[in-house]
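Residue numbers (our numbering), protein chains in the order written: chain A, 1 to 259; chain B, 260 to 732.
There could be a bad hint or two in this list.
[To be verified] Derived coverage of chain B by chain A (criterion: at least 3 residues anywhere in the stretch with Cβ under 8 Å from a Cβ of chain A; other residues may be distant):
#, region
1, 421-427
2, 505-511
3, 585-594
4, 665-672
[To be verified] Now the stretches of chain A that chain B is said to cover, found in silico as 3 or more residues with beta-carbon under 8 Å:
#, region
5, 109-118
6, 155-165
No lab work stands behind these hints: they were computed from the structure.
Quick caveat: nothing in here was measured; it's all calculated off a predicted structure.
All C-beta atoms in this analysis are idealised placements derived from N, C-alpha and C, irrespective of residue type, glycine included.
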Amino acid sequence: MAGPQPTSNKKPRVGLFVTCLVDLIRPSVGFAAVKLLEDAGCVVEVPAQTCCGQPAFNSGDRATTREIAEAVIAAFAPYDYVVAPSGSCAGMLKVHYPELFHEDPNWLPKAEAFADKTYELVSFLVDVLKVDRVDARFPEKVTYHDSCSGLRELGIKAQPRKLLARVEGLNLVELKDANVCCGFGGTFCVKYPDISDAIVTKKAGEIAATGATTLLAGDLGCLMNMAGKLQRQGANVSVRHVAEVLADMGDAPGIGEAR
Amino acid sequence: MNAITSPRFKENVSEALADAQLQRALGNTGSGFIERRANAAARLPEFDALRDSARDIKNHTLAHLDLYLEAWEKKVLAAGGHVHYAGNAADARAIVLDICRSVGARTVTKGKTMIGEEIALNEFLEEKGIVPVETDLGEYIIQLRHEAPSHIIAPAIHVNKDQVEADFRRVHTHLPADRNLTEPTTLLAEARGVLRERFLAADVGITGANFLIAETGTSIIVTNEGNGDLTQTLPKIHVVLATIEKLVPTLEDVSQLLRVLARSATGQDMSVYTTLSTGPRRPSDVDGPEQYHVVILDNGRSAMLGGEFQDMLRCIRCGACMNHCPVYNAVGGHAYGWVYPGPMGAVLTPSLIGVDLAGHLPNASTFCGRCEEVCPVRIPLPRMMRAWREREFERKLSSQTIRSGLAFWAWFAKRPAVYRLATALAMMALRIGGVFRGRFRRLPLASGWTKHRDFPRPEGLTFQAQWKQGRRR
Numbered sequence: 001m002a003g004p005q006p007t008s009n010k011k012p013r014v015g016l017f018v019t020c021l022v023d024l025i026r027p028s029v030g031f032a033a034v035k036l037l038e039d040a041g042c043v044v045e046v047p048a049q050t051c052c053g054q055p056a057f058n059s060g061d062r063a064t065t066r067e068i069a070e071a072v073i074a075a076f077a078p079y080d081y082v083v084a085p086s087g088s089c090a091g092m093l094k095v096h097y098p099e100l101f102h103e104d105p106n107w108l109p110k111a112e113a114f115a116d117k118t119y120e121l122v123s124f125l126v127d128v129l130k131v132d133r134v135d136a137r138f139p140e141k142v143t144y145h146d147s148c149s150g151l152r153e154l155g156i157k158a159q160p161r162k163l164l165a166r167v168e169g170l171n172l173v174e175l176k177d178a179n180v181c182c183g184f185g186g187t188f189c190v191k192y193p194d195i196s197d198a199i200v201t202k203k204a205g206e207i208a209a210t211g212a213t214t215l216l217a218g219d220l221g222c223l224m225n226m227a228g229k230l231q232r233q234g235a236n237v238s239v240r241h242v243a244e245v246l247a248d249m250g251d252a253p254g255i256g257e258a259r
Numbered sequence: 260m261n262a263i264t265s266p267r268f269k270e271n272v273s274e275a276l277a278d279a280q281l282q283r284a285l286g287n288t289g290s291g292f293i294e295r296r297a298n299a300a301a302r303l304p305e306f307d308a309l310r311d312s313a314r315d316i317k318n319h320t321l322a323h324l325d326l327y328l329e330a331w332e333k334k335v336l337a338a339g340g341h342v343h344y345a346g347n348a349a350d351a352r353a354i355v356l357d358i359c360r361s362v363g364a365r366t367v368t369k370g371k372t373m374i375g376e377e378i379a380l381n382e383f384l385e386e387k388g389i390v391p392v393e394t395d396l397g398e399y400i401i402q403l404r405h406e407a408p409s410h411i412i413a414p415a416i417h418v419n420k421d422q423v424e425a426d427f428r429r430v431h432t433h434l435p436a437d438r439n440l441t442e443p444t445t446l447l448a449e450a451r452g453v454l455r456e457r458f459l460a461a462d463v464g465i466t467g468a469n470f471l472i473a474e475t476g477t478s479i480i481v482t483n484e485g486n487g488d489l490t491q492t493l494p495k496i497h498v499v500l501a502t503i504e505k506l507v508p509t510l511e512d513v514s515q516l517l518r519v520l521a522r523s524a525t526g527q528d529m530s531v532y533t534t535l536s537t538g539p540r541r542p543s544d545v546d547g548p549e550q551y552h553v554v555i556l557d558n559g560r561s562a563m564l565g566g567e568f569q570d571m572l573r574c575i576r577c578g579a580c581m582n583h584c585p586v587y588n589a590v591g592g593h594a595y596g597w598v599y600p601g602p603m604g605a606v607l608t609p610s611l612i613g614v615d616l617a618g619h620l621p622n623a624s625t626f627c628g629r630c631e632e633v634c635p636v637r638i639p640l641p642r643m644m645r646a647w648r649e650r651e652f653e654r655k656l657s658s659q660t661i662r663s664g665l666a667f668w669a670w671f672a673k674r675p676a677v678y679r680l681a682t683a684l685a686m687m688a689l690r691i692g693g694v695f696r697g698r699f700r701r702l703p704l705a706s707g708w709t710k711h712r713d714f715p716r717p718e719g720l721t722f723q724a725q726w727k728q729g730r731r732r
């Protein structure tokens, strides 16, 4: 569904939902998102925010989730769009917030209006802003992992590949089982660390088999999981968020690498 | 054999991950089921529309289950069959025993039935001096091994070929020692040879049912080996074990469900045998049982009607959810600790044995969503696993560590200003800690993570702190 249409002569006003992991661990992904959005003609603002509420939602704490969701919806009310550099958090805002309020006639319309204007970053660039080129160079052999929520809740698959194809020097080799979970699963990876490890070990094997020097994906949680495993194994693969490469910020150290 | 070990799920997982034979079997299975299902779906342009229709047929039936049960029962009786209602597993076992004793049965042959597993029928019959003989190859193998099925359609998927060879040599001691048992085909031929005389000797044949048809009073089984047909036609008595949600209104409805069942399960257009049974042998029939009984089990299912978990009763037991589950593929089916493994088990098991015992199951999911993506009747499995987590949270069944951690985090997550300050400080502290490397090999309070992977050193100031200071790019 299309979000509210900004008037043609006015720049769309985007509220950036940074996501807690980007905010805390890798702010450069947030700045990459700002650059991509501004280059595509948006005005970007960052209202005070914490988290989308997934840890509570997936732990069965609906009351806390609702409190957080209400605060997020209110904080982002002024914007034409809400954009997050994560399929998982965007899926929470777009798919699960309306579910959360499905029996609340007061909040449901607000949650639905909020969902309608909310997007994951790369799909927003391609599907809404119709971006079809990027000004970036990254002369590496790259492989791409499709994070589950983005892929299955939001249908994000072609969009990142479309933009990566426009990055100068980038050679994309497809990852076998790119659509299979990496084993992160939010709190799952610490509640069931051994199962998570078995899953990410398989994933790391597939990544190594591509011969790629860089792994990209659109979700920092999955990226930290895969980077952490690859580094524990001593693999020589750099791991980055796709937005960093698209924003031509691929020269910073990869996730977990020293400067 | 099917004692409940779901409460010790974590221990089961550790054992499964350390079990080299199991991991070899899981590795050999690889993505075979997944590719075959994908190809079958791709060959049928209307596959997704059929899934919608399959979902609607099951929803309609569940909404009018009383009506269809009654109509079905009338037809069974009219065809000369018997219907027995069993409220729970003990009732069902007692009914089966009575039927067996009525003909002085000494051996019963069994087609594959998960309801038989659910009521632990084999152990019970053995206790009562009746020998149950599994006739599905996979079931036969695990019966020899005194194991439970680890998959609802491929019960011996956790066993390797060479292990089967060893089991056959151990048990079939009357056969020549130098026979070739290295290929699946020779293993199958040997099992068939051994089972042939069992089929002929059996007094009662017990099968499951994939569907019960209200319009005609028919039960249907789908198999690939033909063992089900011999099980139900050769003995004097055919007993069908079924549950209330197997009902479907008409033959036309069943034909739609059959079109998604095998494609979702094994990637076949149809299973090799689709066998319809309506009552006992008629005077004009050349073969068939003298008596036809259906034991229809509830065992907690009627309590799911009209509630949060009713959608689970749509399940047609294809196994696609477990085939596509990263957790199932890592640990196998036995770790789940009862009859039904994988995502469908994670939702159904708490409904049937209680979330107090099965609490781990709906939690042991990454919510990757692949199960729902492939489910032929579109059961929202992740959403229902989350619903179980909500019940656990409300009843304070989830672990105290997780609950305290969550409460601590939530306090900050609800207060953006405090959050910004606290996280900025915490990230600076982490940054100083990891100053010599880009990452940590060990972190206090994060051992679940760092046991298996490194944790990246934060870049420095949080995004929000930098944004507040005016940085824009």
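Hint check results:
Beta-carbon proximity to chain A at under 8 Å applies to 0 residues in the region 421-427 of chain B; the threshold of 3 is not reached and the given coverage is violated. Check result for the region 505-511 of chain B against chain A: violated, 0 residues qualifying (beta carbon to beta carbon below 8 Å, three or more required). Requiring three or more residues with a Cβ within less than 8 Å of a Cβ of chain A, the coverage given for the region 585-594 of chain B holds, as 4 such residues are present. Counting residues of the region 665-672 of chain B whose CB lies closer than 8 Å to any CB of chain A gives 5, which reaches the minimum of 3, so the coverage claim holds.
For the region 109-118 of chain A, the stated coverage by chain B is violated: 0 residues have a C-beta nearer than 8 Å to a C-beta of that chain, whereas at least 3 were required. Restraint check on the region 155-165 of chain A versus chain B: 0 residues with Cβ-Cβ distances below 8 Å, three needed, restraint violated.
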